[in-house]
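These protein sequences, in sequence, are chains A and B.
Every position in the first sequence, counted from 1, becomes a number in our numbering once 1141 is added.
Every position in the second sequence, counted from 1, becomes a number in our numbering once 300 is added.
Just so you know, these hints were derived from the structure itself, not from any lab.
Fair warning: this is a prediction, and the values are worked out from it, not measured in the lab.
Backbone N, C-alpha and C fix where the C-beta goes; we use that ideal spot for every residue, glycine too.
Certain hints may be false.
Claimed, not checked - Keeping only pairs whose Cα atoms sit at most 20 angstroms apart, straight-line, the calculated SDA-like set for lysine to any residue is:
#1 Lys1384/A <-> Ala1403/A
#2 Lys425/B <-> Gln1191/A
#3 Lys425/B <-> Trp1406/A
#4 Lys425/B <-> Ala1481/A
#5 Lys425/B <-> His1407/A
#6 Lys425/B <-> Phe1391/A
#7 Lys425/B <-> Glu1392/A
#8 Lys425/B <-> Asp1486/A
Said to hold, decoys possible - Some chain B residues flagged as far from chain A (calculated, every beta-carbon gap over 12 angstroms):
#9 Arg357
#10 Gln417
#11 Ala443
#12 Glu554
#13 Pro560
#14 Ala597
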Amino acid sequence: MTAGTPTSGRRRDSSASSISYVLLALAALTVAVSIIWPGNPTHRLPASWQLDLMRPTTQAIRYVSSDLSIAGIEVSEITRAFARLVEWPLLFVQGLLAAPFTVEVPVIGSTVLPTMPWSVVVVLVAALAHWLGGVRLTLLSTATLLYFAVLGLWTSAMYTLSAVIVSVACGVVIGLLLGVAVYRHPRLEAVANPVYDTLQTLPVFSYLVPLVVFFGLGPVTALVATIIYAMPPMARVTTLALKSAPSTLFEFARMAGCTPSAEIWHVLLPSRMRDLLIGVNQVIMLSLATVVIASTIGAGGLGNDVLRALKSLRFGTALEAGLAITLMAITMDRMSRALATRRPDHTRVSSPQFLVRHAHGAAALALGALLWALSTLLPQLHTYPAEWTLSTANVIGEAVQSFNREHAAGITAVRDGMTVTVMRPVRDLFSAAPWLCVAMLAAAAGTALYGVSRGAVILALLIAVAVAGLWPHAMLSLYLVAIASVFALLIGAPIGTLAALSPRLGRVVDVAVDTLQTLPAFVYLVPTVVLFSVGELPALLSITLYAIAPAIRYTQHGLSGVEPSVLEAAAMAGATRTQILTRVQLPLAMPHIVLGASQTLVMAFSMLAITSLVGSRGLEILTLEALGKVDPGKGLVAGLGIVILTIVVDRLVSGAAGRWSWERERERG
Amino acid sequence: MKPDVSGPAVIRCRGVWKIFGRSGVARLDDRDALDDAALSAKGLSAAVRDVTLDVARGEIFVIMGLSGSGKSTLMRCMTHLGPASRGEVLIEGQEIAGLSSDELRIIRRDKMGMVFQDFALMPHKTVQRNIAFPLEVAGAPPAIIAARTAELIGLVGLEGREQYYPSELSGGQKQRVGIARSLVNNPRIWFLDEPFSALDPIIRYELQTELLRLQKELAKTVVFVTHDFDEAIRLANRIAIMRDGRVIQIDTPERLVLAPADDYVRRFTRRVDRLAILTVGALADPSQAGEGEPLAASALVRDVLGRILSTSRGTPVVDAAGRLRGAVTKEAVAAALSVCEALP
Ligand SMILES: Nc1ncnc2c1ncn2[C@@H]1O[C@H](COP(=O)(O)OP(=O)(O)O)[C@@H](O)[C@H]1O
Ligand SMILES: [Mg+2]
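Make a model of the complete structure from these sequences and hints.
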């Protein structure tokens, strides 16, 4: 999400600030009125003033999906045709990796596509990893695949992997095409950017529902949702890469006589391959995160394993499958980053002989073919034998349960303590506040930061939330996000400070934060549910864990980014280390830290969407309920409610960060 | 010594203006007056102002000026990469603004080559593939591409580096690739925009020498942009000096030194090594006859200094046709060399 720039001091005219004071006064007035007259329209918007947006939206979508026809062809036929088109590559890859797949071949009749033996998959992936990043990457990827096999998660993992592969392929192609289109027609940018933002802010369940209406419940829906969610970074990176290509390269292409499309596809894009591959890395990681969530709607895969295990309190299994997702994420991240950071090297392509040039790949393919042939004789090489699997699920499950039993008192104390001292009071505050008061406060802040018109937009958006009847749920979402963000900052900022003070700790923290950021959001649900079972507390803690990375990172970078000369000057002036930290470094790093806070909030909102799976009760639960009842209107409207909350909160906090650093600049002259 | 060239004009610029607005290319009305007041009233600025010049076939035409004086912009008007806002540009007699985009593409592809200051190599292709690229675009047969690429690699001395990637080359080597690539389609017009400015002085000198060697062999029509007056002097048949978008003088290096149009040009000429530029023809005094064996008018003073100094009555000078042009005296040489001392 792009942060807006707060207006400069010159443009923050007196009318804006007087209007924001008026808004503040009105907010105070609503509080006073609500104390005297609880339940008045500014306190609780009466049902008769609300507008049901959900039912008409649902009806409209249902009409389009089942009754509408364009030029004599029913929309449902088109969507079904499209579904088959997308389904085919998915079934093909799944057939290759996970389950046999029957294809209709015109002359021969139906043929079953053979599934690749697990041993062949291991060899091919290891070869790829070695080519990409040498021995360490080979070890990592082999260990990951063996983990899947040994713990009996092979088939689930392969389902997840196939979905990721197909989604990444589609996402990259679509992203490239969109990115190029936006580059060629810069006016599209004004549309494209907000659309990308919304697509990525909308909770994944929200657009799963309409997709279910069109494509039915199943793998295609999950795949389309994944593609929509994971594609925007590729499109953005493509446009940006094209824009940042040196102008002389563009001129060279022109002078060489390239056609406009050759210019883009043969010269500019390949020359920015590194940027594009970083985009691919993001598509891969987002695809995995989404595939895991989407698999809970019946597509099968590791995410489904985790959720089912959590729901039936099989904690050992949940942890095992959760670790499988974690390993897969880390491996995919490292492999795709290795691809992005490869440097061109002439020694790799020096031989004109095709086989010599590709000796590595050829050897891997030969070995794979050999293993495949052998697997017809040795079935163990084909399907990993069940008796070789070894699950620690029971042991871990036992351990977890006995831990939970032994520390039942402690766990209950924490749960109750948190509920009574923090969660309930904050929730009550958020729920009791008159809706118009909250909206006015936000509008006042928006007006002060950005001027009257943006303040008005913020007010209108929040009124829309109330009118749509989403206010009570919105407050339940907001209170979780607010507490989680504060926790994330309270834990993250000190860790970031320590990391900035000690370079050795800093390196450790760097690796840890990197890893935290590669993990799919879904994984964060596992440990907290294992410890506290379902409810709002584990939801809160999962959000906190997920949102902690930017709090740590921005604090650390803010502090270590302070000019060494400034620190030396302070030391020469005789300041102690603590004084330097509190009087020099922290104030200078403050804008960074506030920026980290706004990132923390955005992360918290994106995690919020899936905590409905484990028992949070805000807008996000509406999106999940909508999925269960296949009610696309409810899903979309509630999802847009989350989008509005995210955008408003992000703008206010990042605006405050911008204002802060701007005022500091001015103070310093 | 540079060959004397005065062929027909290959590139003609007639009253060329290039005008920029605050955001890129500005809309300009045909009736708009082009003076500073009118332009700045519209928020426009002129990067090239009323340039008229001819580039003759086979010459090295250098555009020299300080950074920001509009050299690259003028060159972009010639290649139509940044079309002129006013005036006309003719390439081999064809008005370039009147061409369709396909015609333009083919003219650029077949008739023009270009070298860039930052090399503009494609990082994802090897040296060989970079050089071959223009031919691939033109759809040449693979056998011809291979042969021609190998020839160019030999011409710029990059044998053995065919499979290297640009990131594995030094700056000088990169520009050799750039030069080879710009020549691979055997263009008749060769544009070079500050090709050596990013290189160390020694490499720069080496590549200048190389360029002169190539030009002797290939006889292209060359438009060479530089901000380095010494480089201009060394390479040019003629130099156009630019300042604030205007061409203030177009002349041979020798004429620039002997008859600078204004103080701005004179300041550039002050530190040049005159002995390396001046020819005896330029210093010959027609009213004198001199004595002894005559000198060729095109001979550099530096090469015959001993003979000029050894006589007191001057040495006769004859032009290429053998006609007597007068005599060059010690005094004339001393006067030409001491101009710089006389300046403030
Ligand atoms: N695309 C453009 N938009 C606006 N102004 C430009 C553009 N390109 C060049 N200029 C301006 O035109 C002037 C000449 O630029 P340029 O031709 O690049 O100079 P040189 O090559 O001599 O260093 C400069 O003042 C530059 O700022
Ligand atoms: Mg330039």
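Hint by hint, here is what the structure shows:
1. About 16 angstroms separates the Cα atoms of Lys1384/A and Ala1403/A, which keeps this hinted pair within 20 angstroms; it holds.
2. Between Lys425/B and Gln1191/A, the direct Cα distance comes to roughly 62 angstroms. Violation of the 20 angstroms bound is thereby established for this hinted pair.
3. Distance check on the hinted pair: Lys425/B and Trp1406/A sit about 14 angstroms apart at the alpha-carbon level, within 20 angstroms; holds.
4. Taking the CA atoms of Lys425/B and Ala1481/A, the gap is near 16 angstroms; set against the 20 angstroms cutoff, the hint holds.
5. At most 20 angstroms may separate the alpha-carbon atoms for a hinted pair to count; Lys425/B and His1407/A meet this at roughly 10 angstroms.
6. Taken as a hint, the Lys425/B and Phe1391/A pair is honoured in the structure, with Cα atoms around 16 angstroms apart against an allowance of 20 angstroms.
7. For the hint linking Lys425/B to Glu1392/A, the alpha-carbon distance of about 17 angstroms falls within 20 angstroms, and the restraint holds.
8. A distance of roughly 11 angstroms separates the Cα atoms of Lys425/B and Asp1486/A; the hinted pair therefore holds under the 20 angstroms criterion.
9. Arg357/B, annotated as away from the interface, keeps every beta carbon of chain A farther than 12 angstroms; the closest lies near 20 angstroms.
10. At roughly 7 angstroms from the closest C-beta of chain A, the C-beta of Gln417/B falls inside 12 angstroms, breaking its exclusion from the interface.
11. No Cβ of chain A approaches the Cβ of Ala443/B within 12 angstroms, the least distance being about 15 angstroms, so the stated non-interface status holds.
12. The claim that Glu554/B lies off the interface holds: its Cβ sits roughly 33 angstroms from the closest Cβ of chain A, which is beyond the 12 angstroms cut-off.
13. No beta-carbon of chain A is positioned within 12 angstroms of the beta-carbon of Pro560/B; the least distance is around 33 angstroms.
14. In this structure Ala597/B is separated from chain A by more than 12 angstroms, as the shortest Cβ-Cβ distance comes to about 39 angstroms.
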